[in-house]
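Engineer: Each chain is listed here by its residues.
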Amino acid sequence: MKILERNNFHRLFDVLKESGFDIIGPTLQDQAIVYDHLEGVEDLPEGWTDEQAPGKYRVKKRNDKALFGYVVGPTSWKKFLYPPRQKLWSAQKAGSGFEVAAEEGVPQKMAFLGVRSCELAAIAVQDKIFCGGSFVDPHYKKRRENVFLAAVNCAEPKGTCFCVSMNTGPRALGGLDLSLTEMIEGERHYFFLRSGSAEGEKVLSRLPLKDAEGGQQKKEDALLEEARRHMGRAMDTRDIKRLLYDNPDHPQWDKAAERCLSCANCTMACPTCFCSTVEDVSDLTGEHAERWRKWDSCFSLEFSYIHGGNVRQSTKGRYRQWMTHKLASWQDQFGTSGCVGCGRCISWCPAGIDITEEVKAIRADQPARAESP
Amino acid sequence: MRKESHLVEETVDPMVPRPFVVRESREETRDAFTLTLEPQEANGAPAFEPGQFNMIYVFGVGEVPVSISGDPRQPEVLVHTVRAVGGVTRALQKLGPGDIVGVRGPFGSAWPVDKAKGKDVVIVTGGIGLAPLRPAVCQILGQREKIGKFALLYGARTPKDILYREQLGQWRSNLDLQVRVTVDNATRDWYGTVGVVTILIHKARFDPANTIAMVCGPEIMMRFVVQELIKERMREQDIYISMERNMKCAVGFCGHCQYGPNFICKDGPVFRFSDVRHLFGLREI
Chain A
1 MKILERNNFH RLFDVLKESG FDIIGPTLQD QAIVYDHLEG VEDLPEGWTD
51 EQAPGKYRVK KRNDKALFGY VVGPTSWKKF LYPPRQKLWS AQKAGSGFEV
101 AAEEGVPQKM AFLGVRSCEL AAIAVQDKIF CGGSFVDPHY KKRRENVFLA
151 AVNCAEPKGT CFCVSMNTGP RALGGLDLSL TEMIEGERHY FFLRSGSAEG
201 EKVLSRLPLK DAEGGQQKKE DALLEEARRH MGRAMDTRDI KRLLYDNPDH
251 PQWDKAAERC LSCANCTMAC PTCFCSTVED VSDLTGEHAE RWRKWDSCFS
301 LEFSYIHGGN VRQSTKGRYR QWMTHKLASW QDQFGTSGCV GCGRCISWCP
351 AGIDITEEVK AIRADQPARA ESP
Chain B
374 MRKESHLVEE TVDPMVPRPF VVRESREETR DAFTLTLEPQ EANGAPAFEP
424 GQFNMIYVFG VGEVPVSISG DPRQPEVLVH TVRAVGGVTR ALQKLGPGDI
474 VGVRGPFGSA WPVDKAKGKD VVIVTGGIGL APLRPAVCQI LGQREKIGKF
524 ALLYGARTPK DILYREQLGQ WRSNLDLQVR VTVDNATRDW YGTVGVVTIL
574 IHKARFDPAN TIAMVCGPEI MMRFVVQELI KERMREQDIY ISMERNMKCA
624 VGFCGHCQYG PNFICKDGPV FRFSDVRHLF GLREI
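For the protein sequence lines, the chains are A and B, in the order given.
Residue 1 is where the first sequence starts when you use this note's numbering, and the numbers rise one by one after that.
Residue 374 is where the second sequence starts when you use this note's numbering, and the numbers rise one by one after that.
Just so you know, not all the hints are guaranteed correct.
[To be verified] Listed next, the in silico EDC-like pairs over lysine to aspartate or glutamate satisfying Cα-Cα at most 16 Å (straight line):
#	chain 1	residue 1	chain 2	residue 2
1	A	Lys142	B	Asp580
2	A	Lys141	B	Asp386
3	A	Lys255	A	Glu357
4	A	Lys142	A	Glu201
5	A	Lys65	A	Glu156
6	B	Lys522	B	Asp580
7	A	Lys255	A	Glu358
8	A	Lys128	A	Asp332
9	A	Lys56	A	Asp30
10	A	Lys294	A	Glu279
11	A	Lys87	B	Asp386
12	B	Lys492	B	Asp580
13	A	Lys93	B	Asp472
14	B	Lys639	A	Asp332
15	A	Lys93	A	Glu358
What the hints contain is simulated information worked out from the structure, not anything from laboratory work.
Could you build the full structure based on these sequences and the hints that come with them?
Structural biologist: Pasting the structure below:
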């Protein structure tokens, strides 16, 4: 473990830039902390934090100058690995037919700075979806292979966080290039740094670092242990797949549907939701056509359209699909939960529907089940 | 995830269609037609299994999933029977010889023709549902001696909606395949059975304990057919159904075709009934 002083933090930006990375990280925009292109340390939301609760997200000033003193906002890294709107190919009329040209742009190398542990888990989930099966999405894969992951350990979980329940945090462990822990002790402001890959090691070797002394590890441990004990939410995940598979007709689905606006905010904010649609477009001459892929949501009516009608006509059907998929069928599909406990769907739900409360309500009202033979 | 090798550029993009030439477009019924396609490139049409489907793209209009309805023993062409019900299928209907479409596929699971060896086979279909089963019929007839009794039960809305009339006649004249057809609404020139397809099941000869059933049609029709087959004492694990959901990518990325934990595009469209029974009765799944 190494130490980087706050007044040298800009060097991390320099090194990443010199290595050819476009740096993406948290920045304050429109009263929210979002992920966007960063020029330098000054673009980070220094001295800002956030307050989160069901249906509520507010930024406010901190009484220190922390660079990473908040949790996750409305955007997630999927925006950069799996863009909301992406051209898949274009086609041009040629003779009686047409020629298709695959979209093969090589994306810029990106460094994600400030990835939280729940988000590392979310990226790992999307890796399985787009690269782990019998088909590979070359668009995702190309972007993903050119990403440097600089994670930040979460010291101050907020009201809608429950990574501990989902076993994804608060400490960033695997699948990263670099991890940082921000430490503020009175006037002293510094970072613990660790590398998690050869690439991370290379970056570390170019920074003005000091060795951490014995005992400092304990400070970090204490900080993260404190974070672990201050989760805003909790979800009991025991046998959750069975719980949801066994309860497709639970009255709680009707209750959730009474509040749910079917607005799709949860799916847009969710760092693992991956559903998309395609749009085939042509120009006015009719000579040129393109296919675009756009994020889609199981909360829209037309999502389930087949000839003869829409399969999921009611909000109840759509909410049940989303939550059952996220927590149960995802496990059958990808060997992992689709929920990483980041809390975005709770904070950004305009009706304040809380997935942890929904699970609790279904669990609380179970007919006594005979022991399975 | 680091770049393991220089293979990135070679990753085949499963979303890019291949050009196929329309050789023939044949009107089947008032709203259904059959396209025969040949690959424009030299490297041949991809082999397929009965029950699989392709994504067919009309330039500038869009793409739809369509089951393959040709004979798998003639893999040099792709045959698709399509019902014109939406923007893309109506555009497909307008195509003629020489026109080009884009094709991706084949995708999905297949009818269990191999599992049927040494057993009786009963095929129950409704409407356009006969199209994805025609390849299975062809394949079974190609190895007829390996199968016991073989029944094809088909329900259409009216006599005018009967698909593959000529071929049904040929099959019937084979004398080794029981072909029974019923219509929901008869016209004056119809002398056959009237009523839903389920009424044909008890007339068919097969040994319920040693039969594979393949069922395709609207979900409501399949529900009653499966009920009837079980009433005839067939086992759930011997019944196969083909499911339909909205589909955008056919490769498990778009999420639209989810049916419980299954992606219809890659885990289906053909399912063993016993594997999806718990989902089958649920609304809005």
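Engineer: All hints, please: hold or fail.
Structural biologist: Hints and how they fare:
1. A/Lys142 x B/Asp580: Measuring from Cα to Cα gives roughly 54 Å; hence the hint is violated.
2. A/Lys141 x B/Asp386: Distance ~11 Å between A/Lys141 and B/Asp386 Cα, so the pair holds.
3. A/Lys255 x A/Glu357: holds (12 Å)
4. A/Lys142 x A/Glu201: violated (23 Å)
5. A/Lys65 x A/Glu156: holds (14 Å)
6. B/Lys522 x B/Asp580: holds (8 Å)
7. A/Lys255 x A/Glu358: holds (9 Å)
8. A/Lys128 x A/Asp332: Distance of about 12 Å is within 16 Å: holds.
9. A/Lys56 x A/Asp30: holds (15 Å)
10. A/Lys294 x A/Glu279: At roughly 7 Å apart (the allowed maximum being 16 Å), A/Glu279 and A/Lys294 satisfy the hint.
11. A/Lys87 x B/Asp386: holds (13 Å)
12. B/Lys492 x B/Asp580: With a Cα-Cα distance of about 8 Å, the restraint between B/Lys492 and B/Asp580 holds, given a limit of 16 Å.
13. A/Lys93 x B/Asp472: Roughly 12 Å separates the two Cα atoms, so the pair holds.
14. B/Lys639 x A/Asp332: Given pair B/Lys639, A/Asp332 holds - Cα atoms ~14 Å apart, limit 16 Å.
15. A/Lys93 x A/Glu358: violated (52 Å)
Checked against the numbered hints above, the structure violates hints 1, 4 and 15; every other hint is satisfied.
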